[in-house]
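Asker: Sequence:
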Amino acid sequence: MSETQTLEKTQKEEEKIEAEKEEKETSQKKLRYYEGIGRRKTATARVRLYTKTEGIKDGIEINGRSYKEYFPTLEFQKIVEAPLEKMKLLGKFGVTVKVKGGGIRGQAEAIRLGLARALVKFNPAYKRKLKRAGFLTVDARQVERKKYGKKKARRAPQWQKR
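Here the numbering used here is used: the first residue of the sequence shown is 979, the next is one more, and so on.
Rather than coming from a laboratory, the hints here were simulated on the basis of the structure. A portion of the hints provided could be inaccurate.
To be verified - Dumping the calculated DSS-like pairs for lysine-lysine here, alpha-carbon to alpha-carbon at most 25 Å:
(1) 1124 - 1019
(2) 1066 - 1030
(3) 1066 - 1099
As the list claims (entries may be wrong) - Derived Cβ-Cβ restraints for the label pairs, each shown as a range:
(4) 1047 - 1130: 27 to 37 Å
(5) 1124 - 1052: 31 to 41 Å
(6) 1109 - 1140: 49 to 59 Å
(7) 1051 - 1116: 32 to 42 Å
(8) 1052 - 1119: 18 to 28 Å
(9) 1063 - 1010: 20 to 30 Å
(10) 1107 - 1139: 56 to 66 Å
(11) 1133 - 1107: 54 to 64 Å
(12) 1051 - 1140: 18 to 28 Å
Here the structure is a predicted model, which is why all the values come from computation and not from measurement. We put the CB at the ideal spot given by N, CA and C, even for glycine.
When you get a sec, could you build the whole thing from the sequences and use the hints?
Answerer: Set out below in structure tokens:
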């Protein structure tokens, strides 16, 4: 008897969890968003720009945390909010970001590019101003790989004539 009761309880709990997941998914699907993908070095950022700011900390949420918490340095915070600041839209949108890879600066610059691309999808008239500010320009520089027989990518070992 106790085994069947525990089985029933676990099944009910699983059903509740599934129902909660479905509710979250449908509530997120109802909100309209514009997506932009930004890449810099090895960092990739998927940026979603929502027309409503409800439930998003400080207007910009990165990997489930506030952008001020994720980037404690003011320099990186300014990089992230730069496209919204340029268009005078800071606080008017809810922004969620999923970013992975790279270092802290690469992630910040990937978010900036993704956010600028999402703003262009929202309103194509913003493209000219964002392009002039350099937010839509992709910085394609990558780290050059180290070659064998060399100390670094290009640095050769010291050579002696005699």
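Asker: Assess, step by step, whether the Cα of residue 1066 is no farther than 25 Å from the Cα of residue 1099, and give holds or violated.
Answerer: The given pair, whose Cα atoms are some 17 Å apart, holds under the 25 Å limit.
Asker: Please verify whether residue 1066 and residue 1030 have alpha carbons no more than 25 Å apart.
Answerer: holds (16 Å)
Asker: Could you say whether the range 20 to 30 Å given as a hint is met by the Cβ separation of residue 1063 and residue 1010?
Answerer: holds (23 Å)
Asker: So the hint says 32 to 42 Å: do the beta-carbon atoms of residue 1051 and residue 1116 match that?
Answerer: Since the Cβ atoms of residue 1051 and residue 1116 sit about 24 Å apart, the hinted range of 32 to 42 Å is violated.
Asker: Just to be careful, I want the Cα atoms of residue 1124 and residue 1019 compared with a cutoff of 25 Å; is the pair within it?
Answerer: Status holds; Cα separation ~16 Å.
Asker: That 49 to 59 Å hint for residue 1109 and residue 1140 (C-beta), does it hold up?
Answerer: holds (57 Å)
Asker: A range of 27 to 37 Å was offered for this pair. Does it hold for the Cβ distance of residue 1047 and residue 1130?
Answerer: holds (36 Å)
Asker: Quick one: are residue 1133 and residue 1107 within 54 to 64 Å, going by C-beta?
Answerer: violated (42 Å)
Asker: That 31 to 41 Å hint for residue 1124 and residue 1052 (C-beta), does it hold up?
Answerer: holds (34 Å)
Asker: With respect to the beta-carbon atoms only, verify the hint that residue 1107 and residue 1139 lie 56 to 66 Å apart.
Answerer: Holds, since residue 1107 and residue 1139 (Cβ atoms, about 58 Å apart) stay within the stated range.
Asker: With respect to the beta-carbon atoms only, verify the hint that residue 1051 and residue 1140 lie 18 to 28 Å apart.
Answerer: About 51 Å separates the Cβ atoms of residue 1051 and residue 1140, which means 18 to 28 Å is violated.
Asker: Does the Cβ-Cβ separation between residue 1052 and residue 1119 fall within 18 to 28 Å?
Answerer: The hint (18 to 28 Å, Cβ to Cβ) holds, given that residue 1052 and residue 1119 are roughly 25 Å apart.
In summary, the structure is inconsistent with hints 7, 11, 12 from the numbered list given earlier, while agreeing with the others.
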